[in-house]
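Asker: Residue numbers (my numbering), protein chains in the order written: chain A, 26 to 117; chain B, 26 to 117.
Worth flagging that the hints you see were computed from the coordinates, not collected in a lab.
Warning: the hint list may mix true and false statements.
No copy is singled out in the list; a pair is fine if it fits within one copy or between any two copies.
As the list claims (entries may be wrong) - Straight line, CA to CA, 25 Å or less: simulated SDA-like cross-link-like pairs of lysine to any residue:
{"id": "1", "residue 1": "Lys111", "residue 2": "Leu99"}
{"id": "2", "residue 1": "Lys111", "residue 2": "Val98"}
{"id": "3", "residue 1": "Lys111", "residue 2": "Leu78"}
{"id": "4", "residue 1": "Lys111", "residue 2": "Tyr36"}
2 protein chains.
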Amino acid sequence: MNDWGIQALGYVAACLTTLAFIPQVVYCWRTRDTTSISLGMYTSFCLGVFLWLVYGVLAEQWPVVAANLVTFVLAGSIWWLKLTAKSPRNRP
Amino acid sequence: MNDWGIQALGYVAACLTTLAFIPQVVYCWRTRDTTSISLGMYTSFCLGVFLWLVYGVLAEQWPVVAANLVTFVLAGSIWWLKLTAKSPRNRP
Chain A
26 MNDWGIQALG
36 YVAACLTTLA
46 FIPQVVYCWR
56 TRDTTSISLG
66 MYTSFCLGVF
76 LWLVYGVLAE
86 QWPVVAANLV
96 TFVLAGSIWW
106 LKLTAKSPRN
116 RP
Chain B
26 MNDWGIQALG
36 YVAACLTTLA
46 FIPQVVYCWR
56 TRDTTSISLG
66 MYTSFCLGVF
76 LWLVYGVLAE
86 QWPVVAANLV
96 TFVLAGSIWW
106 LKLTAKSPRN
116 RP
């Protein structure tokens with residue numbers, strides 16, 4: 026596969042893993058239900074996504090940069106909802 | 026930052042975004058509670074992770090390969106739990 030094909034594959038993968046968070050964001054914002062959501066997961070995940078963003082810039086891997094920029098906003102909003110949930114069940 | 030530093034950053038990012046799923050996996054397997062988990066999110070996410078895996082191999086970006094291989098297993102198990110959940114609330 027040539028360079029253009031590999032880049033295109035990267036963009037498709039980026040779209041899938043990034044847009045994946047949309048139904049989760051919609052559900053959590055609509056229902057304010059984050060009971061089964063793990064705060065530990067989203068804290069670690071958002072931090073890692075941020076580092077991927079920096080990595081992508083330094084390595085000039087633009088699908089990585091694009092994907093993680095949008096993912097950071099989406100996953101970050103879920104993290105925020107979980108963090109500020111008015112529920113005692115914040116353990117996971 | 027030199028090549029070695031960039032690769033190291035990639036591995037740190039990979040650890041964070043991959044290990045992030047562990048608390049979510051533990052919670053879901055322990056409680057079988059996937060109510061707030063979006064099936065749409067994990068279906069799209071796992072497919073995207075698989076494509077990132079292929080991208081990483083073709084682009085020889087080994088942090089990308091390592092991260093997405095493990096992530097696929099972890100996120101895949103959450104997807105499976107949600108898919109097979111004996112609950113009517115499978116909508117998100």
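Asker: Checking against the hints above, which ones are violated?
Answerer: Hints 3 and 4 not satisfied by this model.
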